[in-house]
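Position chain P relative to chain Z; hints supplied.
Protein chains in written order, with our numbering: chain Z, 34 to 363; chain P, 34 to 363.
When chains are identical, the list treats them as one kind, so a pair holds in a single copy or across two.
Each computed EDC-like pair below joins lysine to aspartate or glutamate, with the alpha-carbon atoms no more than 20 Å apart:
1. Lys-170 to Glu-52
2. Lys-153 to Glu-163
3. Lys-305 to Glu-316
4. Lys-59 to Asp-201
Quick caveat, the hints were computed from the structure, so don't treat them as lab data. Predicted model only: the values in this text are computed from it and were never measured.
Take a look at the letters that make up each chain.
2 protein chains.
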Amino acid sequence: MDAFDKDTELRAEVERKIESILPRGKKPFEVYGIIWDFLDRGGKRFRPLMCITSCEAFGGRKEDALPVAASIELFHNFTLVHDDIEDNSLMRRGKPCLHISYGLPLALNAGDGLFMASWKSIFESQIPPETTIAVGKCLYDAYLAVLEGQAVELNWHKNSVWGIKIEDYNSMVRGKTGALIGGACKAGAIIGGADKEAQGALWEFGNEVGVAFQVQDDILNVTGDFEKYKKEIGGDIIEGKRTVMVIDLLSKCTKPEAEKCKSILGNPEATKVQVEYVIGLMEKYGSVGYATAYAKKLLKSAKSRLSILPKNDASQKLNKIADFLVDREV
Amino acid sequence: MDAFDKDTELRAEVERKIESILPRGKKPFEVYGIIWDFLDRGGKRFRPLMCITSCEAFGGRKEDALPVAASIELFHNFTLVHDDIEDNSLMRRGKPCLHISYGLPLALNAGDGLFMASWKSIFESQIPPETTIAVGKCLYDAYLAVLEGQAVELNWHKNSVWGIKIEDYNSMVRGKTGALIGGACKAGAIIGGADKEAQGALWEFGNEVGVAFQVQDDILNVTGDFEKYKKEIGGDIIEGKRTVMVIDLLSKCTKPEAEKCKSILGNPEATKVQVEYVIGLMEKYGSVGYATAYAKKLLKSAKSRLSILPKNDASQKLNKIADFLVDREV
Chain Z
34 MDAFDKDTEL
44 RAEVERKIES
54 ILPRGKKPFE
64 VYGIIWDFLD
74 RGGKRFRPLM
84 CITSCEAFGG
94 RKEDALPVAA
104 SIELFHNFTL
114 VHDDIEDNSL
124 MRRGKPCLHI
134 SYGLPLALNA
144 GDGLFMASWK
154 SIFESQIPPE
164 TTIAVGKCLY
174 DAYLAVLEGQ
184 AVELNWHKNS
194 VWGIKIEDYN
204 SMVRGKTGAL
214 IGGACKAGAI
224 IGGADKEAQG
234 ALWEFGNEVG
244 VAFQVQDDIL
254 NVTGDFEKYK
264 KEIGGDIIEG
274 KRTVMVIDLL
284 SKCTKPEAEK
294 CKSILGNPEA
304 TKVQVEYVIG
314 LMEKYGSVGY
324 ATAYAKKLLK
334 SAKSRLSILP
344 KNDASQKLNK
354 IADFLVDREV
Chain P
34 MDAFDKDTEL
44 RAEVERKIES
54 ILPRGKKPFE
64 VYGIIWDFLD
74 RGGKRFRPLM
84 CITSCEAFGG
94 RKEDALPVAA
104 SIELFHNFTL
114 VHDDIEDNSL
124 MRRGKPCLHI
134 SYGLPLALNA
144 GDGLFMASWK
154 SIFESQIPPE
164 TTIAVGKCLY
174 DAYLAVLEGQ
184 AVELNWHKNS
194 VWGIKIEDYN
204 SMVRGKTGAL
214 IGGACKAGAI
224 IGGADKEAQG
234 ALWEFGNEVG
244 VAFQVQDDIL
254 NVTGDFEKYK
264 KEIGGDIIEG
274 KRTVMVIDLL
284 SKCTKPEAEK
294 CKSILGNPEA
304 TKVQVEYVIG
314 LMEKYGSVGY
324 ATAYAKKLLK
334 SAKSRLSILP
344 KNDASQKLNK
354 IADFLVDREV
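With the rest of the complex left out, here is chain Z (with noise of 0.2 Å):
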């Protein structure tokens, strides 16, 4: 937690950025009211604190990559709304989504709104209009790639398709999840003056511990505790969610242990009981320690591409940041 701790300032200075944005109390309460209902509830935050410390990291000013990183947690809000819907979830951070909380219509506008806002974010930063759009056209790249991602994983689920190599996986996780923390890395770079080979290792770096961040979180949601997490635990395999455990434990266990598990995972009927024989199945095969070890070896070598970064505050911190992401228990 040490990283994250030290910058509640930092954290602060996004939350005000992200207010100047989107007013509080600004009318209507349809668009306005509904976002903040979800801002309000906090989230991690760290994307944006990756985007200004990879700035910083190549001597840029943190007030540069502000209103950007503002953007960055702007867009991935978005996706959160926009996700809940599309999976139908129930929970995000210990309330009720807001598609069930307004109704879908409401949800999916205020989605699009804070889209919206990402954008303005972007607009209004005072760098140099060509770093602009470069930021805007870095952006572009890493806000596709996530929709590309959720595509693909919603194909899955549309289609039953459950024969995935871990190599599908990765890519369409890379997309997901990977790409926005890839572009929030890149995006800080480039406003901090870097080279194109820098820029293209903090991408790179970025996509990696997304994907083990990702990894890590699919690993809380069958054995954290809610308490800390704020997610329902075992959601996923009641979503039909497939991760690497999945991947991982339907390669190897038996074929009726495969089609038992295929009949749980994604039943919005599944009992807790049915549920618990799953991660229990997870364990038994070694699929838990499986992604552990998958996530460890993606951390090692996002780190191992900050080599290029010069030795500062900045980039030790970016380390200790990615190594919070994959080890962290909430």
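Coordinates of chain P only, in the frame set by chain Z:
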């Protein structure tokens, strides 16, 4: 139709620009295939024409406005995909809505992809970076107003709000429909080098034309010919849409008639006979005529704002497009 028929080549250029932003056949199908299913259904494409023509009216170059014009068309298509989900619509441009064809999750995600592409187009234009940023801010304001209008309308439905004044309706539809056309014209004016006053006039022109266009669209929805109009006649009544005609009718009819209308408006089980009952009342009380006069008054006001333009072919064309949008039968 004249103003449009002559623009076959210009419309083809817009299509090519859209294709360069969203290459056909790009994978995954679940993003790009779905998007192209929608784009290939056509549409009037009058928003990009108005953007380019506004640019030309101030002496700007068509090529400079083209990427922004494409952006506006992509944004418009994004709103249609999401609106259809929010409104539970069944048909769009003569085919089932995307969420009917592909399911809600992939349709929602494809809509996000169209929004994403609308931003790409802005960042890839060849106009000076400062102009790109000015255009980005203009479009952000316009796009946000669209969402705000949509939220107000969704709230009317969700909370069964019927006591709507014509001023409230005007304010809602200026956002939902007017702002995008206003944004198209203002963005064109910015690229063409117009001063602030002229930019403002084009914004107002587009907003008023947009409201008049929407009122005409609502009239066609109850009086039109399906073969030309390609939408379900009376569909707005089944959706419970608050239109100028509905507002006018409810303010004029008897209380029992109003109660009966409210039981039909927004009732997905409403029969053809019930829908025709409401349309019959709209004719009896002159609500269709009221709406027609409302649209014509706005059109006149809109056109008066064009007096700020230099006299040239493009400014004449803007006048003609405005006429077409309000006099049309399709």
